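Asks: Those protein sequences? They're chains A and B, same order as listed.
In this text, residue positions in the first sequence follow our numbering: the first is 1284, and each later residue adds one.
In this text, residue positions in the second sequence follow our numbering: the first is 1284, and each later residue adds one.
Derived by calculation from the structure, the hints in this document are not laboratory data.
One thing to keep in mind: the hints can contain errors.
A pair holds if it fits inside one copy or across any two, identical chains being indistinguishable in the list.
[Unchecked claim] Pairs of lysine-lysine residues, derived as DSSO-like cross-links and limited to a Cα-Cα distance of at most 30 Å, are as follows:
{"id": "1", "residue 1": "LYS1481", "residue 2": "LYS1340"}
{"id": "2", "residue 1": "LYS1360", "residue 2": "LYS1340"}
{"id": "3", "residue 1": "LYS1424", "residue 2": "LYS1443"}
{"id": "4", "residue 1": "LYS1340", "residue 2": "LYS1440"}
{"id": "5", "residue 1": "LYS1500", "residue 2": "LYS1538"}
{"id": "6", "residue 1": "LYS1306", "residue 2": "LYS1437"}
{"id": "7", "residue 1": "LYS1426", "residue 2": "LYS1443"}
{"id": "8", "residue 1": "LYS1443", "residue 2": "LYS1289"}
{"id": "9", "residue 1": "LYS1306", "residue 2": "LYS1340"}
{"id": "10", "residue 1": "LYS1424", "residue 2": "LYS1538"}
{"id": "11", "residue 1": "LYS1535", "residue 2": "LYS1465"}
{"id": "12", "residue 1": "LYS1394", "residue 2": "LYS1465"}
{"id": "13", "residue 1": "LYS1481", "residue 2": "LYS1538"}
{"id": "14", "residue 1": "LYS1443", "residue 2": "LYS1500"}
{"id": "15", "residue 1": "LYS1306", "residue 2": "LYS1424"}
{"id": "16", "residue 1": "LYS1538", "residue 2": "LYS1289"}
{"id": "17", "residue 1": "LYS1306", "residue 2": "LYS1465"}
{"id": "18", "residue 1": "LYS1538", "residue 2": "LYS1465"}
{"id": "19", "residue 1": "LYS1437", "residue 2": "LYS1465"}
{"id": "20", "residue 1": "LYS1500", "residue 2": "LYS1465"}
{"id": "21", "residue 1": "LYS1426", "residue 2": "LYS1440"}
{"id": "22", "residue 1": "LYS1306", "residue 2": "LYS1440"}
{"id": "23", "residue 1": "LYS1437", "residue 2": "LYS1289"}
{"id": "24", "residue 1": "LYS1360", "residue 2": "LYS1437"}
{"id": "25", "residue 1": "LYS1426", "residue 2": "LYS1500"}
{"id": "26", "residue 1": "LYS1360", "residue 2": "LYS1440"}
{"id": "27", "residue 1": "LYS1424", "residue 2": "LYS1360"}
None of the values given here were measured: they were computed from a predicted structure.
This is what each chain is made of:
Protein chains: 2
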Amino acid sequence: MATLGKIGRYDFLSEPFHCDFSKKLFMGHLGNHLLNAADFHSNDRDFGMNYLNPIHKTWVLSRLAIEMDDMPAAYEKFSVETWVESALRFFTNRNFRICSTDDSRTYGYGKSVWAMIDTETRQPLNILAIRDGEIERYIEKDKECPIEGLSRVKMGKEAKLARTIDTHYCDVDVNGHINSIKYIEHILDLFDIDHYRKFRIRRFDIAYVAESYCGDKLNFYTEERDDDTVCVRVTKTNAETVDAEVVRCMLKFEKI
Amino acid sequence: MATLGKIGRYDFLSEPFHCDFSKKLFMGHLGNHLLNAADFHSNDRDFGMNYLNPIHKTWVLSRLAIEMDDMPAAYEKFSVETWVESALRFFTNRNFRICSTDDSRTYGYGKSVWAMIDTETRQPLNILAIRDGEIERYIEKDKECPIEGLSRVKMGKEAKLARTIDTHYCDVDVNGHINSIKYIEHILDLFDIDHYRKFRIRRFDIAYVAESYCGDKLNFYTEERDDDTVCVRVTKTNAETVDAEVVRCMLKFEKI
Chain A
1284 MATLGKIGRY
1294 DFLSEPFHCD
1304 FSKKLFMGHL
1314 GNHLLNAADF
1324 HSNDRDFGMN
1334 YLNPIHKTWV
1344 LSRLAIEMDD
1354 MPAAYEKFSV
1364 ETWVESALRF
1374 FTNRNFRICS
1384 TDDSRTYGYG
1394 KSVWAMIDTE
1404 TRQPLNILAI
1414 RDGEIERYIE
1424 KDKECPIEGL
1434 SRVKMGKEAK
1444 LARTIDTHYC
1454 DVDVNGHINS
1464 IKYIEHILDL
1474 FDIDHYRKFR
1484 IRRFDIAYVA
1494 ESYCGDKLNF
1504 YTEERDDDTV
1514 CVRVTKTNAE
1524 TVDAEVVRCM
1534 LKFEKI
Chain B
1284 MATLGKIGRY
1294 DFLSEPFHCD
1304 FSKKLFMGHL
1314 GNHLLNAADF
1324 HSNDRDFGMN
1334 YLNPIHKTWV
1344 LSRLAIEMDD
1354 MPAAYEKFSV
1364 ETWVESALRF
1374 FTNRNFRICS
1384 TDDSRTYGYG
1394 KSVWAMIDTE
1404 TRQPLNILAI
1414 RDGEIERYIE
1424 KDKECPIEGL
1434 SRVKMGKEAK
1444 LARTIDTHYC
1454 DVDVNGHINS
1464 IKYIEHILDL
1474 FDIDHYRKFR
1484 IRRFDIAYVA
1494 ESYCGDKLNF
1504 YTEERDDDTV
1514 CVRVTKTNAE
1524 TVDAEVVRCM
1534 LKFEKI
C-alpha cells in the first residue's frame, strides 16, 4: 500500500440547502465539513474512529477556531486540507485550510485541539500509545496556518442571559450528547438576520468544556466587546445541575 | 456530448454528524440528499437551477414522501437514484430510490411533486415550455417506485397545539424562506427521544403549502391516529397573519 502524505485533502460541495440567505455556506455546515475532513484524514491513516471505536476509544473535539476571508457560495466545490501540527500525550493540534478545488484561492483556515478518551470510563488516554505512536509519523510542522492560535475566551460574570432553549431529538449525536455542530447553530441563532445583513463572521472560536444531553436546557449568556466581538457562554440546566458551563465561544464580526 | 440516461444516480456518505443516537442517518439529512440528487439530475440535464435561476425561474418543492425499510448507518456510502415519472404543465413527479452503492440492497423509496415559478412574480410557470419541453425527453415511466402515492393528509379541527417556536437565522434558506429541511427537523423534534428508542419512522409525508419567513412563529398541531400514525399541521403567526397553514405532514411509525 502506498504511504499517504501528511496532509489530507478532501473535496466538498457548498450544498444549496446548507447556505444562508446570502447564498454562502453556513458556518455550522463548514464546521461539519472540517470535522469530516479530520475524520477522513485520521481514518485513512489508521488512527481514526474506524480503528478506535471497536477498541472502545474515541477522539473528542476540545476546541475549534475557524477564520474566514470569505465563505464558499452555493453550488461551489471547495477543498479542505487538514494535517496534524503536533501530538502530545493528551492533546493533538490539527489544522485546516479551506481553499478552491484548483487551489487558486484560500477561503480561510482552521485550528483545532482533540483529546482521546476511553468510551467506557470516559477517561483521557495517551494518544502517543496508539499503534506505537502512529500519529507521530504524520506530524507536519512546516505547513502554514497563518491565523491566531486558540486562546482561552475570558468572560466576566456580567454576561447577560440572551436565550434559554430546550434540546430535542435532532440536537443529539451518535454518542447521545448534544451535537458539536448544533451548538454552533444555536449560537449563530442568537443574532438576528439583520445583523448578518450588516456583518459577516470573520472568526469563530469554540471550546467544548463539558457534555450535555437530550432534555437539558441550554442557557446562552452573551457579553459584547467594543470591537465587534461577542463572547458566549453556554450552560446546561437539568435535574442534577443548574447553570453548569458546557461551551464557551467567541465570534468576531466584520462589517460587510 | 454523450446523452445522459433518464435515471440519475448519485453517491452520498451517511456522515457521522448527520446520524442520530441510533447511529443511523436522520430523516432530515436524508431529505436533503434527495433534494441534492434532484438538483444534480436536473442540472445535468439542463433543466435545473443552473439554467433556471439566471432566467428568473426556480423549481419549488411541493410534496415529498419518503418510505424506508432501514436507514443508512454512520459512515455508510449509499446511492440515490432519481428520475422524472411524469411532467404536466404545472407539476412534475419525481421519484427516488435509496440503495447501497453496489445496488445489492434497497433502503427505501421517495416520491415528490415540484412546481416551477417565476422568481419575480412568484407565479407558476408552464414546465413544458422550458427549452421546448426538454424535460419530456427524460420521462421514465417503467422504473418501479413501489410505495404508496402522495395523498392529501386530512386533518380535523381537533388537532392540539404541541409546540410554538421562533424562527432564526439558521432556519432560513437561500431564498429567504424557512428551509424545507428545517421544517422536517422541527417536526421530528416534536417526539421525545424515548419515542425514537421504541419506534422508527417508516414513512414521512410532507406537503409545503405556503412559505414562511425568518421571525415568523411556527405553531405545530398534532393529531394522533390509532395506527401509529401522527399528522402534523404547521401554521405561521406574524404581524400580518395568525395561524395560517404552511406545512402539513404525516409520520407513520413502526415498532423497533
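Asks: Looking back at the hints listed earlier, which ones does the structure fail to meet?
Replies: 3, 4, 6, 7, 8, 10, 15, 16, 21, 22, 23, 24, 25, 26
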